[in-house]
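Colleague: Chains as they are written, first to last, in my numbering: chain Y, 1 to 704; chain U, 1 to 186; chain P, 1 to 113.
No wet-lab data here; the hints were simulated from the structure.
Even for Gly, the Cβ is constructed at its ideal location relative to N, Cα and C.
Stretches of chain P that chain Y covers, calculated by requiring three or more beta carbons in the stretch to come under 8 Å of a beta carbon on chain Y:
#1 24-34
#2 97-110
List of simulated lysine-lysine pairs, DSS-like, C-alpha gap at most 25 Å:
#3 P:K56 x U:K124
#4 P:K112 x U:K102
#5 U:K102 x Y:K677
#6 P:K112 x Y:K677
#7 P:K107 x U:K102
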Amino acid sequence: MPHSIITLMLIALLAPLVSSTVCILATRRLLFKGAGYLTTAVMAGALACSIIALFTWLGTPVDQRHALVLNIPWIPLPGFGPGHALYLGILADPLTMAMMPMVTGISTLVHIYSIGYMHGDKRYNLFFAYLSLFTFSMLGIVLANSVIMLFVFWELVGLTSYLLIGFWFEKRGPQLACKKAFVMNRIGDAGFLVGFGILFYKLGGAMLLPATADSGSMFNVLANVLAAEGHSLANPPLWLTVAGIGLFFGAIGKSAQFPLHTWLPDAMEGPTPVSSIVHSATMVAAGVYLTGRIYPILTPGAHLFISTIGLVTLVMAAFMAMVMTDIKRVLAYSTLSQLGYMVLGMGVGAWTFALFHLITHAFFKCCLFQCSGSVIHAAHHQQDMRHYGGLGKKMPITMACYAICTLAIAGASIPFTTIAMSGFFSKDGIIAGSISYGDVMAHAGYLGKLFWLGPIVIAYVTPFYMGRSFALTFLGKPRDQHLHDHAHEAPLAMWFPQVCLAIMAIASGYLGWKTLILGSEAPMLAQGVAAIIPGEVIEAHHSHGMHMTHALLLSGFGWIIALGAGILMYVPGMAISSRIVKIPGVNLLYTWALNKFYFDALYDVFTVSMGKFVAVVCAAVDKYLVDGLVNLAGSTVREIAMLSGKVDKHIVDGGVNGVAAMAQGAGDMLRSTQPGKIRIYVLMFFSSAALVTLLVVISAIALR
Amino acid sequence: MTTTLAQLGTDAGLQQVAPLLFYAVALVTVLSAWAIVLSQNIVRMAVYLLLTLTGVAGMYFMLDAELLAAIQLIVYAGGTLILIVFGVMLTSGNPFLKLRPKLWEVFVAVGLSLFIMGLLLFAKVTTHLPEPSATIEEANKPAGYDLVHEIGRGLLSVYLVPFEVAAVLLLVVMIGAAYMARRRAT
Amino acid sequence: MNPVFDISLHHFLIVSFALAGAGVATILTKRNAIGILIGVELLLNAAGVNFIAFNKFLWHNTTSTSTGLDGMVFTIFIIVVAAAEAAVALAIFLNFYNNFSTVDVEKADELKG
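Please construct the entire structure, taking both the sequences and the accompanying hints into account.
Modeller: Okay, here's the thing in structure tokens:
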């Protein structure tokens with residue numbers, strides 16, 4: 001196995017950090033203007049490194065493909081015995097190989113897009129610095145060799161997302177949005193820390209991630225610890241379930257799962273390139289990636305928890321996406337829903353398909369956001385789709401890209417063939433996994449049926465809301481003539497990355513299917529699973545083959561119907577839908593969805609009323625108890641002060657003034673000896689020297 | 001005692017001429033030093049100082065300290081004096097400017113300096129100085145004795161610490177002088 | 001010993017005293033700052049002559065830790081310090097001249113009490 005891969009990964013990791021630092025320090029005019037090109041070029045270099053590494057990996061024989069690690073001891077942990085330490089370093093395994101080109105590639109395209117979108121911003125260079133730093137943090141997560149390093153970069157992602165979402169911090173909306181994102185992530189990170197602490201304590205600080213048998217990797221140590229306690233992964237102790245759920249809480253925060261999902265739609269307040277990268281390659285991907293990394297320690301209990309969270313998010317977000325009228329919010333809730341798919345996939349054991357969907361989704365969602373950015377750009381920052389309509393004629397390239405990605409997210413395919421968009425390959429794998437998980441969970445009654453029903457229903461809802469947004473934006477008659485007249489196609493720097501992403505949205509599914517899932521000799525991601533869980537591939541017992549067929553049948557035709565319904569219904573505008581939502585029942589669901597199922601209100605009421613209650617109690621204590629004491633103390637001090645004032649005035653002041661007068665008199669006398677002329681001082685010096693010499697000589701004679 | 005020209009070439013001749021040479025050099029040194037006191041013109045002072053310094057170098061020669069004499073000429077007469085002349089040029093619109101002291105100041109100053117000189121002479125006369133002996137005579141010196149060699153060796157062994165301190169001092173002076181003498185932005 | 005023709009330590013000491021006296025007198029009488037600097041140089045030279053003379057006539061080269069060159073080395077350091085002092089002093093004078101447009105030390109009386 002060539003070790004050049006490690007070097008390439010290291011370059012790809014550190015290059016964005018360097019360019020980011022340069023751009024932060026860049027205040028000169030040349031670097032200010034060139035920041036976009038510099039960071040873009042560096043990011044393209046990182047992409048090249050990742051691709052070379054991927055092909056080097058694919059070029060080696062299958063039996064020689066083992067994970068490469070670079071471990072640098074950072075903090076020794078002598079308390080756990082000799083040799084224990086926290087390590088910094090790099091892990092390069094199949095999962096990393098697959099993620100790196102995706103992250104760097106999307107980041108490069110977003111950088112290019114930003115050159116066009118952020119043109120003329122007064123903090124132009126800072127934006128690119130933050131964007132590169134953001135990518136650096138995500139690459140750090142992807143390459144992390146241990147949970148501790150993963151956590152460091154995890155927090156760095158939190159920080160940089162805060163900076164980026166709040167990039168236009170002069171406005172109220174971004175201020176609140178970045179604060180909300182930060183706080184929601186901290187709540188999730190608290191869970192992460194709990195899980196981390198449990199593992200750290202139980203495993204004696206062994207937090208290395210690689211699944212090779214020889215190292216002190218946490219999975220091997222965990223197996224030993226479980227064996228010593230008389231447990232196994234199939235019969236796990238409670239602490240392991242708690243630790244797994246705790247770590248997954250971090251993923252809930254970052255990947256915006258229910259109940260911490262509310263920050264993600266609000267993060268739309270940031271610049272559109274930020275939305276496109278947050279929603280695809282970096283931040284929300286981090287949570288799913290983390291779940292994939294810690295997958296081998298997840299117990300059946302944790303699996304149930306994760307898949308339930310994923311299912312709730314999936315369904316809820318899809319309904320919200322159906323009713324929103326802000327184009328970016330539709331996409332945001334669509335991201336939530338797709339993340340729900342991924343997390344569901346993790347929970348139900350469709351490990352490879354969840355990560356595959358992460359990669360394919362990154363491409364088409366990034367493209368969708370860039371298209372929406374172009375539309376908003378063209379429509380004078382009008383984001384409400386009810387004002388759009390008929391923009392397709394004005395922006396043909398954007399429309400084509402949007403259409404391709406709509407098909408991709410809908411999972412479009414020609415039935416009974418493998419000619420399909422990327423979403424088809426990845427999403428239907430998850431659906432199949434969920435169906436078989438529903439079978440396994442059948443003894444739970446309705447719950448098992450829900451795992452059957454949920455993903456399939458949403459597979460119909462997804463094309464519907466995407467068709468709706470497409471039709472409202474690009475088709476039909478212009479509903480705002482003034483806006484329509486001024487609309488224009490995006491500049492080259494903006495449509496070029498869109499086209500690249502659209503091509504990847506078509507191709508990534510098929511390519512990934514061939515290399516990552518099926519593969520000729522050994523599928524790449526499956527190798528990763530096999531390496532991490534030696535001897536026990538959880539997916540095996542799901543008997544994928546049969547359910548895959550079910551899924552394909554159910555969703556293979558579904559997308560045509562749903563997409564068609566969505567487009568046809570909304571080509572004339574909101575007229576038809578406004579009549580539908582008057583129907584009782586639908587009416588209720590509509591109102592709920594439109595108000596985001598009242599989550600924000602719930603959090604508001606909960607935190608605000610709690611805060612008010614605490615404030616009232618505090619105020620009462622303050623007023624009666626603290627103030628009373630303070631006033632008492634105050635009046636006492638005042639009396640003492642009056643007394644001491646009299647003493648001070650007559651006795652102390654008299655003494656002080658007398659001393660001062662004496663000092664002044666002495667000073668006046670001595671003053672005359674300081675003429676300030678250098679020669680007088682020299683004269684004094686030599687006279688004194690002569691006198692001292694005289695004294696010495698006389699005393700020497702006298703003593704002789 | 002008469003000295004012929006032929007005798008000058010011998011050691012004995014030098015022995016006889018040496019006192020005369022000493023008196024001549026001492027006279028030049030002391031007279032030019034006091035000429036500095038009496039001179040009112042800064043440029044003349046500098047010239048007299050040059051004479052004094054050269055005379056002191058001659059004294060070093062006669063005290064068998066040839067290296068010191070050379071250093072005195074190079075560093076003092078060649079360096080410091082030039083520095084002083086530059087200072088005169090830079091700080092005076094008119095180099096022949098006369099700044100006369102008051103008469104009483106001159107009396108006080110000369111009186112004090114005479115007092116100090118008398119004191120020193122008194123101290124010298126009353127102090128018992130040991131007889132000159134065991135000086136580094138030609139005969140005691142080991143074969144291949146070289147003063148410059150010995151001083152160089154000494155500076156890098158016994159006197160290494162003061163040597164390094166002096167080096168640091170020079171560095172500090174260089175930076176400090178450049179900093180102080182720089183042109184202010186105002 | 002003939003006090004006139006046998007040149008001894010005393011002769012050199014007297015020259016050194018004369019130099020020192022001239023130095024003191026120069027420092028005290030000159031109003032030009034550079035004149036004062038010249039006086040200081042005279043004092044330092046007097047000290048140098050003293051050191052070399054004592055080194056020549058009184059040094060007993062018997063101790064093992066010494067090379068018998070203490071006086072000479074000391075004089076070298078005196079010359080070094082004198083050069084350093086001259087540089088710093090001239091820098092100060094330049095500043096003084098820039099601020100007061102003169103080198104008359106009588107004008108530098110801002111420390112007057």
